[in-house]
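There are 2 protein chains.
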Amino acid sequence: MTTRWLTSDEQRAWRAYVAASQLLEDALDRQLQQEAGMPHLYYSILANLSEAPDRRLRMTDLAERTKITRSRLTYAVTRLEKDGAVRREGCPSDKRGSIAILTDEGMTLLERVAPGHVKTVRATLFDHLTAEQVGQLEEICAGVARALEGDDPQTTPDGVPWRRRSSGPCA
Amino acid sequence: MTTRWLTSDEQRAWRAYVAASQLLEDALDRQLQQEAGMPHLYYSILANLSEAPDRRLRMTDLAERTKITRSRLTYAVTRLEKDGAVRREGCPSDKRGSIAILTDEGMTLLERVAPGHVKTVRATLFDHLTAEQVGQLEEICAGVARALEGDDPQTTPDGVPWRRRSSGPCA
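Protein chains in written order, with our numbering: chain A, 1 to 171; chain B, 172 to 342.
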């Protein structure tokens, strides 16, 4: 089958996207590392738990919300457990399931770190967007995320990350 | 100073962006791992070298083009060297500099892998965007990348990744 190479418009958009997403993730990770010794992913885990009823979520649901594999989540939660920010409980209704709970200490940590994180999100992203672009970004990204979560074998031949146990050698 | 929390529009855009960028990177990494045993970053390194004059770039310039720290680049290039896809040479004009060169074997690998990668970029991103959205995405991302590369201490207190030697404990 002939390859449909990217058009020059798509090429430019793709390069700009790859550059911006790399730089954004780098800036977010650095700020959180400096302020709390944790990467952006760990912050997302705490933030997602803080919004759940009773600040608790099944590990499978937490993996789905953070869009990562369960093995990557398990690794991160183990570290957050050691820091006292999260604790784990067995799930009574499902032997294989396990529940992550945000501790009071974790909530205090999140509240301390959140203002600096939000300031960085503003300074790196929203300060450079018009209100119209905020809407465009949401529409573009929501469409892409929906398609990738839809388990269309064409787009995600091996399904979404949170249904896999591992993400391969480079996870 | 009072925190300017995200508005609900910004909140929605941010969550959609974080989800889409995680899922995209996961899909790209998986396809390239399966087809060539390398993550997306390694592909970008080979692609950038293939477009350079004589297929060679100083390591510092290659780090800038791939938007990563030099330590992360060194690690990746060492692995690509072992696979025979890249070789390194000292830089005659700068003792500290070193030059990465795409080998013929690396070029063959890139040519073999490119069609599958482009197909995945289409299936995960461009197939879900209108022509108008392609333009919007480019404008949004180019503006963000420009701001983050501008070394504004407000947005990037520690500068761009390629001027740092390391990206900290979680790189």
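The hints are simulated quantities; they were obtained by calculation from the structure and are not laboratory data.
Treat the hints with care, since some could be wrong.
Quick list of simulated restraints, FRET-style, between CB atoms [as the list claims (entries may be wrong)]:
hint: 1; chain 1: A; residue 1: E111; chain 2: B; residue 2: T279; range: 27 to 35 Å
hint: 2; chain 1: A; residue 1: Q11; chain 2: B; residue 2: R229; range: 39 to 47 Å
hint: 3; chain 1: A; residue 1: R88; chain 2: B; residue 2: D180; range: 30 to 38 Å
hint: 4; chain 1: B; residue 1: R259; chain 2: A; residue 2: G150; range: 38 to 46 Å
If you want the footprint, here are the derived chain A segments under chain B, 3+ residues with CB under 8 Å [what the hints assert, rightly or not]:
hint: 5; stretch: 21-31
hint: 6; stretch: 48-59
hint: 7; stretch: 73-85
hint: 8; stretch: 99-111
Here the structure is a predicted model, which is why all the values come from computation and not from measurement.
Glycine included, every Cβ here is placed at the ideal spot set by N, Cα and C.
Hints, one by one, checked against the model:
1. Checked against the given bound of 27 to 35 Å, the beta carbons of E111 of chain A and T279 of chain B, roughly 54 Å apart, lie outside it.
2. Separation of Q11 of chain A from R229 of chain B is about 24 Å and departs from the stated range, judged on CB atoms against 39 to 47 Å.
3. For R88 of chain A paired with D180 of chain B, a C-beta distance near 35 Å keeps the hint of 30 to 38 Å intact.
4. At roughly 43 Å, the beta carbons of R259 of chain B and G150 of chain A sit within the given window of 38 to 46 Å.
5. For a cut-off of 8 Å, the count of residues in the stretch 21-31 of chain A with a CB near a CB of chain B stands at 10, and the three-residue condition holds.
6. With 0 residues carrying a beta carbon less than 8 Å from a beta carbon of chain B, the stretch 48-59 of chain A misses the three-residue requirement, and the given coverage is violated.
7. Counting residues of the stretch 73-85 of chain A whose CB falls under 8 Å from any CB of chain B gives 0; the rule of at least 3 is not met.
8. Proximity of the stretch 99-111 of chain A to chain B, defined as three or more residues with a beta carbon under 8 Å from a beta carbon of that chain, is not established by the 0 residues found.
Checked against the numbered hints given earlier, the structure breaks hints 1, 2, 6, 7 and 8 and satisfies all the rest.
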